[in-house]
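Using the sequences and the hints given, assemble the complete structure.
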Amino acid sequence: MTFVSTTSILAQSKDFVELSSQTKIYQGASTGSSVVTGDTQLLFTAIFNDHVLPPPFTQPVLEKQNGWFKLPMGWVQENDVKKTGNESITPEMLSKTYVGNFGILESGDTIFFAVQVIVPEESDDNAIVYVHLPDTKIICDAKRNGHMIEATRGIMIKFAEYEADRKELVFQLYRERDGAKLYNLHYGERWNTRRLENIMGDIETINTFDTSKLTKDDWNVIRNAIAKDGNPYQFYITANMLNHLSAIDIPF
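Quick note on numbering that gives the first Met the number 0: the sequence shown kicks off at 0 and runs consecutively.
Take these hints with a grain of salt, some might be off.
[Stated by the list, open to error] Think about it this way: if two alpha-carbon atoms lie no more than 25 Å apart in a straight line, the pair counts; the simulated BS3-like pairs of lysine-lysine are:
no., residue 1, residue 2
1, K95, K212
2, K63, K23
3, K82, K23
4, K157, K180
5, K142, K212
6, K212, K157
7, K63, K95
8, K157, K95
9, K142, K23
10, K227, K212
11, K157, K63
12, K81, K142
13, K142, K69
14, K142, K82
15, K82, K69
16, K63, K82
17, K23, K95
18, K180, K142
19, K166, K227
20, K166, K212
21, K166, K215
22, K215, K95
23, K180, K227
24, K63, K81
25, K81, K69
26, K227, K215
27, K81, K23
28, K227, K142
29, K157, K227
Hint data in this document are derived by calculation from the structure and do not stem from the laboratory.
See the structure below:
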């Protein structure tokens, strides 16, 4: 299954909807069609190959048909979704870490994610969306459009690797598979935060890439890497989405 590109959707459609990770998404505009949600392979194809982030990320409506809405991953019934409102994303919502999940899959696994929306300069309409998946991170350049954050281009990171003596941020290709490129982000002490984590009953010190320590110049380095090596992304974040996630204090 190939997912529909949402490039320039804001120019094509003004309808965006919220749906939970449990909302059923079908391949066609019929309940007799195959269900997309819960299919692990399709979920990761959407994220890694087609650069589409599934619910609970806000979804654009690409087409309407007899009580059905077509979204990038498939079709949903109109009465199963809620159109986005006009609630603003406040400054207090920015630069926090929010956690959520993409639902319980047929395998019984729950796919968790964490997301940050960062504005390097408060008066700037530019933003960075940093999505942490179980095995990968995605750093996206984004714009604030009214009451919505629109991610436009992103780079996938396999590991954020700490190197004590490193003085600059460096992106190095980790792997390319089926056209999807993964990079490693190498960082030094200036961007590092150490935290304690319980791993298999042992308390260990974990080095963590801390986005709160990035300067505007650092963000420009990241944006340049995204522009050079990233892929087109088109996903959206609203205040309602963030309000339905849990905010936590720890960095990635």
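TODO: Provide an ascending list of the numbers of those earlier hints which the structure does not satisfy.
DONE: Of the numbered hints, 7, 9, 11 and 17 do not hold.
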